[in-house]
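*Asks:* The numbering of the first sequence is the working numbering, which starts it at 326 and goes up by one.
If you are wondering where the hints come from, they were derived from the structure by calculation, not from laboratory data.
Do not take every clue at face value.
So the derived label-pair ranges between C-beta atoms look like this [claimed, not checked]:
(1) E776 with H733: 24 to 32 Å
(2) P660 with E736: 50 to 58 Å
(3) G726 with A639: 46 to 54 Å
(4) E539 with D671: 18 to 26 Å
(5) N701 with E344: 45 to 53 Å
Think of the CB as a built atom: it goes at the ideal place given N, C-alpha and C, for glycine as much as any other residue.
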Amino acid sequence: MESRYDHLQAEQEIYTLWEDAHAFAPSSDRAGGDTAQKSFSIIMPPPNANDPLHIGHAMFVSIEDALTRFHRMRGDNTVWIPGTDHAGIETQFVYEKKLKKQGKSRFDFDRQTLFNDIMAYVKENSDVAVNQIKKLGASADWSRFTFTLDPDVVEFVTGTFKRLAADNLVYRDLQLVNFCVNCGTSFSELEVNHIDQTSSLYYVRYRMADNPKEYITLATTRPEPIWADTHLAVHPDNKKTMHLIGKKVLNPLTDAEMEIIADDFVDPEFGTGIVKLTPAHDFNDFAAAKRHNLPIIIAVDRRGKMTDGAGKYAGMSSKAAREAVVADLQTKTSPEYPDGLIEKIDTNYQNRIGTCYRCGRVLEPLPLPQFFIKVNAEKKSLTQAALKVLDEGKTIVHGAGREKILRHWLENLQDWNISRQIVWGIRIPVWYEVSGHEEKITVSFITAQKELKQGVLAELLKEHSLEEIAAGLQQLFADNTVPYTISVEDPSEDQSASTNSNIKGAKNTNQTTKSKKLYLPETDTFDTWFSSAQWPVVTLKTNKPDDFSRFYPTTVMETGYDILPFWVMRMMIMGIYITGQTPFSEVYLHGLVRDAKGQKMSKSKGNVINPLEIVEKFGADALRMALVIRSTPGLDKSVGDQDFKAMRNFSNKIWNASRFIALQDENPSHEVATNQAETSELGTGSGDAVFMEKLATITAEITKNMLDRKIGLAADTLYNEFWHWFCDECIEQHKQGSISLKVLQEGLHAFLHMLHPFMPFVTEKIWQELRATDDSLPEQLITSSWPEA
RNA sequence: GAUCGAUUAGCUCAGUUGGUUAGAGCGCCACAUUGACAUUGUGGAGGCCAUAGGUUCGAGUCCUAUAUCGAUCACCA
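Let the sequences and hints guide you as you build the complete structure.
*Replies:* Rendered as structure tokens:
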């Protein structure tokens, strides 16, 4: 053995050794595997398919691999299933940036072409993440690798949608949703980023209809859609304003009459106690409008421009329209209000506003017909079922009080908008009936001459055939009233062929047809989380035939606490819905990885750690150990070069202690071999007995910590006991002659086993070295047995 | 406003069901070192465990309140 451990050389060699031995496969897959044994399973959180590795990936690999290796050594039928995620909006966003550099945009393509292009792009990059995860030493079973757009995954996910629809747990409705005019899609409530900002609060005068010389004043942050407002509201019990109920005022812009209604959502204390209702663009107003059956007039379109009804403001952006509207109101004067209809502007008004988590722009609440999952149906409440699983302890959460946060989410969850107006994803398997509804469907499509056309279908059909439109279809919006059929294939076509034979990932949509079309397809795709939510079920149902019965519910779901509501909660909801059982017995939530000073990592701060550089410089073992040691579920972990260096030194310490012991064995003439203890039987000398007893205590402690998922503590204990007890005390005592070589070897073997889950490369490399002179040892450390306490 | 965390050495953090003199890494000081390891060894300095109460034979650990920091949710035009 060399005097220094060379991680660069060893890591490559050792990983290949494991792969060649199929060491990552569950024992039930191997010949003679006992399927009756206890199983242990982890589903890897699938990284974005074309995302390069970041430190968060290294964190989950370190923890999940430690657990996987521990249970594998314990003799459990162990599997860790890897995969990658198509990451709908993220990936499309990245791809669109790329298009922009080429002077193009998503509007230059029909949806099928764009989908195929993105697929090719992702395929090109998708091996990157996988190979990087391998460099970290992940003992995941790559033969079970799954991609979220694999044909069988798509089939499964669309199947779940059909089942939800059959159970009346999915519906299409016109609802106000958060829409990003830049990204061109709506989001669910979870994806909205609320940020504090300073904005202007405009106090606008509304003239009384019966006497325009009198007016009332109310405050608004959004004057630009005033032209579309038809009603004001006051609180029914507010003494100051109750006399206004039923009265009429004039719209400041259009002079149309507006009625003042009563609704108790109005806060009498805020502003003047009077609020204007803009049902199409405010969540409270939308709800009020539904209660009072008010018209919903859309003032802002999906591009963020004023709609045609805005007259002179039509086509203006919100910001430009706001300035124009305010200017116009200020010039609308009379003797009673010489400064116009704006009483004052508070430019230092603090409020919170919803922004796009992806691009950061202000989201526009828009009424759109979308598909929703009913999460709290009376008879089949998905959220209640998840809460029950928590109550019964069938899923336990490790992570600093985060179970309470999960419960809070489950108790307050709203129906889940799963429609996304993007191409990159699984198309919602729905077709809209065209005949008789041409006026209620708007489409955009690319003509055979590569021209973009958009408009109401009825108009477009005058110049284009439905076949042409279908072939070049880019996006379709159907009114809430248009009937639809849930089906992957065009329901108007002959379906004599076996139903699902054509669902093949990339080409699952928009088949061009020969026969007369009666339907056009939905162009929206599922929220990525809708498929992710089914991940533990999907990965086990689409791989080996017995996987589901063997490994479901999975043992541990390990992921970052930041995606607790997005992913963990939804996996519980969907997993329980599909299978009737929780998808995982335990949730282990790791924290954010921060820099050495405890600062959040960000590109702008320049403190981002690239895990591959650390692997190169200090070794994967050092990186893993630094991330795991003394880490606590649910709390953030800070690391820096000093930590990686310390753990690199530790791996070298392990190497050298092993080397010393190996040298004693090879070299019995060495002076220390002449000591007395050497001649005694294993563990019978007094020093030996103390040693063995302490070793047993440590082993029991580590084992318990691992089972209790206190892996940060287990790693810390191992570090201290190995270095400061085994090396500093025991090896020195051996040199003094009070501990025999035999027990020292025994101790080394135990430590190598226990260190292996954390530092797999150096321990396996040493094992192979030891085995070179002692072939009675098990062939590989990775598949050998965890020491008995 | 509500909820959930955190507060321990100069810095970053562990501390298992309450149980002797509270630990690690990094940093600091002194010394050592040709035979496992300088990616080292030995020794050392450094802590009212945020504050105030309480429970207990005993509290860093359990309870209550306060303060500070952080996260999340709700926010009203």
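*Asks:* All the hints need checking, so say for each whether the structure fits it.
*Replies:* Status of the hints after comparison with the structure:
1. E776 with H733: 24 to 32 Å: violated, 51 Å
2. P660 with E736: 50 to 58 Å: holds, 56 Å
3. G726 with A639: 46 to 54 Å: Because 52 Å falls inside the window, the suggested range holds.
4. E539 with D671: 18 to 26 Å: holds, 23 Å
5. N701 with E344: 45 to 53 Å: holds, 47 Å
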